[in-house]
Amino acid sequence: MKLSLKLTTLLAPVFAIIVAFGLSTIMLYLIGEDPIETFKIMYDYGKTGKSIVSILNRSVPLYISAVAVAVGFKMGLFNIGVESQYLMGALLSAALGAAVALPSFLHITLIIFVAVISSAFWAAIAGYLKVKKGVHEVISTIMLNYIGTGIIAYLLANIFFEKVELSTTAPQTDLLPETARIPSLNAFLGIEDLPNLHGFIIGAVFIGILYYWIVWKTSLGFDLRATGSSPLAAKFSGANPARLTILAMMISGAFAGFIGIAPLTGYFFKYTTDFPSGLGFAGITVALLGRNHPVGMALGAILLSFLERSAQILDLKDVPKEIEKIMQAVIVLTVVVAYEVVKRYVTNRQIKEASKVVAND
Amino acid sequence: MTLAINLSNISKSFPGVKANDEINLKIQEGTIHAIVGENGAGKSTLMKILYGMLKQDFGSIKIFDNEVNFSSPKDAISEGIGMVHQHFMLADNLSVLESIILGMDRASLKILNKSKYKDEINEITEKYSMPLNTQSMIDELGVGEKQRVEIIKVLFRGAKILILDEPTAVLVPQEVSELFNNLKNLKDSGVTIIFISHKLDEVLEIADEISVMRGGKHIDTVDATTVSKTDLAEMMIGQNLPTPPKREKNFTQDKSLTIKNLTAETDNGRRAFENINFSINQGEVVGIAGVEGNGQRELAESILGVYPIESGEIILGETTINDLSTRDRRESGLSFIPEDRQSQGLLMDVSLSENVILGKQSSTKYKSRYSNIKFNEASKNSNAVIDNFDVRTPGNNTLALALSGGNQQKFVVGREIENKPSLLIASQPTRGIDIGAQSLIWNKLRDARDGGLGVLLISADLDELIGLSDRIYVIYEGNFVKELDPENATPEILGSYMTGLKT
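Here the protein sequences come in this chain order: G and Z.
Quick note, the first sequence lines up with residues 1 to 361 if you use the numbering used here.
Quick note, the second sequence lines up with residues 1 to 503 if you use the numbering used here.
Just chain G, same shape as in the assembly (with noise of 0.2 Å):
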């Protein structure tokens, strides 16, 4: 019995997954590609070793931002200004791991703790916000974001980079040092001829593991998960409101704060204007995809960059490769729809049961 309904939630999005084939099949048919094909030439690139090592190395940031907006969710935070969190503990960790000099695993451990505490400390303005104010964290985390990204590109320009009369260079923070940088598993490996597999996927996993143990296994996390159930039980039970909220949109920064580690440490050893963004918004998507499970989030996360990756291919055959963002929002879509579904089939079934031994007595 146990067994079979978690088999059925599992199947959920497996069939979600199926039916946003189906419907993108229909929709290649629409404009006249063969979808057999498109489907062949996208699973044939994306199934390379040097796909397969982009995929993951795409797949981190995106999972660690996940499990920052799923902290939120848990408590039925909405916290929309990841975005702003990791792009501001980006700047600051990375102007200062150019500044100074230490051994590697110090130097690292700095700039790692300096993105985790400025992400925090900017995700617990909305939440200060909230308990004080009364401010709706969607309002205030969206205005940070604004904030946050006029302040980060004043930081940038002005603070941390020196303009050079005539010179056409784009605002950037010093490069880091090779102590400050994560080296590559593939030596580790032994993977030759590949482009190099972040050494920062190790990190992904710990996070994910820190985060399923917070969330599920501390009282904390029962706090967490009870107020997002029903605040007013959470409250009756002991669990403060104001102090919650607070700590976890802290909690939900400190996440964001290791999303730009991977980009920082890994490949671009600076902070530019072209530093990878927009990771914080696609982060609600995989929270949304994995349910907030730190699996499914980490599933979700490596079929999004999947997706992104074998659709740079359709450029060259022709095929239109919008056609991958559409089949991401249709996966996204049938995924929910499906959850939902799930939900109350199995909700009816414990009520069914339930009825059953009363009438039985």
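Fair warning: there could be bad hints in the mix.
[Said to hold, decoys possible] Pairs of lysine-lysine residues, derived as DSSO-like cross-links and limited to a Cα-Cα distance of at most 27 Å, are as follows:
#1 G:LYS343 with G:LYS235
#2 G:LYS356 with Z:LYS217
#3 Z:LYS184 with Z:LYS127
#4 Z:LYS444 with G:LYS235
Hints were generated in silico from the structure; no laboratory data involved.
Fair warning: this is a prediction, and the values are worked out from it, not measured in the lab.
Mind docking chain Z on chain G? Use the hints.
Chain Z alone, transformed into the frame defined by chain G:
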């Protein structure tokens, strides 16, 4: 005589339950017909079908000899059926007139012709002798008057058949007799009334005929003048009605709770309660009687620490707990059964084995040295609650929302008592649950009391208060106006203090 309503073979199933099983029911025009039964007997389902909110699986409905087929309450209203729900659907910031005409005009930019409506409404209130000032604002009205507004609203829409869902649940005895006078006037003017209740005394007083439902079936329809209360009770539950038996007082002199000069913070210029003084000994049940909204809920919540106080002292055992957080108060031995189990006492979409943790998630009972929750302990304890409090559930993995109201409540009461508190606050501990669960909860509360627990009991069920309490205080407009010995208290006496008639 004409039949106002003729139901034949009405059946309705929900997953796993037959809510209505071949119901046949005939109701004469111009009579008051009561439908009685325990919670879950199928009364509400039947009324929802009659009012067009649900569709029957089988069977036919005839209204004044016309076969009808409702797909929404709108259809029912157009056939002359009106329903007054147990919970009023009125907006505080509208006048009586506005409340009655609300939703009648199809949305348009025309200016409402209020004076025309006013005359029509006054005509109705005069015809049925139900005085109402159409200019009053809803929030100035008492509960009884609000109910009158709801009834007029339905009559104004042309209802000839009136369904009243547990209309007396929210009223004190004096208001009940006023309602009954109104209903008799309505009946004399030819209105047919269906009166849903589980209070047998009231039903016997007001109804012409009584139909009893049990387990989704129509058991019988009897003449109210010839049937006895005991007969009705037996038909309803197949056994005698349980009443909370009174017993010897045997509390110790050790204080479980002492409240000194407790005054609430002002909220919108008024205080929920003021200068409250009382104490509860170990092994004593102190009851608080009051019409809802007179400060008893806020008083209970302030002891838990979720409602702000301005001054005074709350002493749990020997310790002042004013400055303690809710969590620390629970840690010091306070348990709380909230009035609304679904929003305040349970996590509905979470399993029972996790729900048992609620309230103790930060205590060493469920929190390990490394802040981990002890889920094994929780699983074990949830099974203990399920066994000891007869919670009917497939297991402790079942979500709270899957259980019936009575089983949810037994679980909440069980959890709070099994936490071995030194003081238990029980707010409406048996509201809206079936008789079986009610008597179990009464017995468990009494056992806990005999084991030395101090209990603060807040209830709208006056029989429950009189039967369980060792002492009763009446709260009126935020003040304790009377202390009574339950030996000398009757619902009528309590009612007159609760409404401020006596001081």
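Between LYS184 of chain Z and LYS127 of chain Z, is the straight-line Cα distance small enough, at 27 Å or below?
-> Measuring from Cα to Cα gives roughly 13 Å; hence the hint holds.
Straight-line alpha-carbon gap LYS444 of chain Z to LYS235 of chain G, limit 27 Å = 26 Å, holds
Going straight from one Cα to the other, do LYS356 of chain G and LYS217 of chain Z come out at no more than 27 Å?
-> 17 Å, holds
Are the Cα positions of LYS343 of chain G and LYS235 of chain G separated by 27 Å at most?
-> 26 Å, holds
Checked against the numbered hints given earlier, the structure satisfies every one of them.
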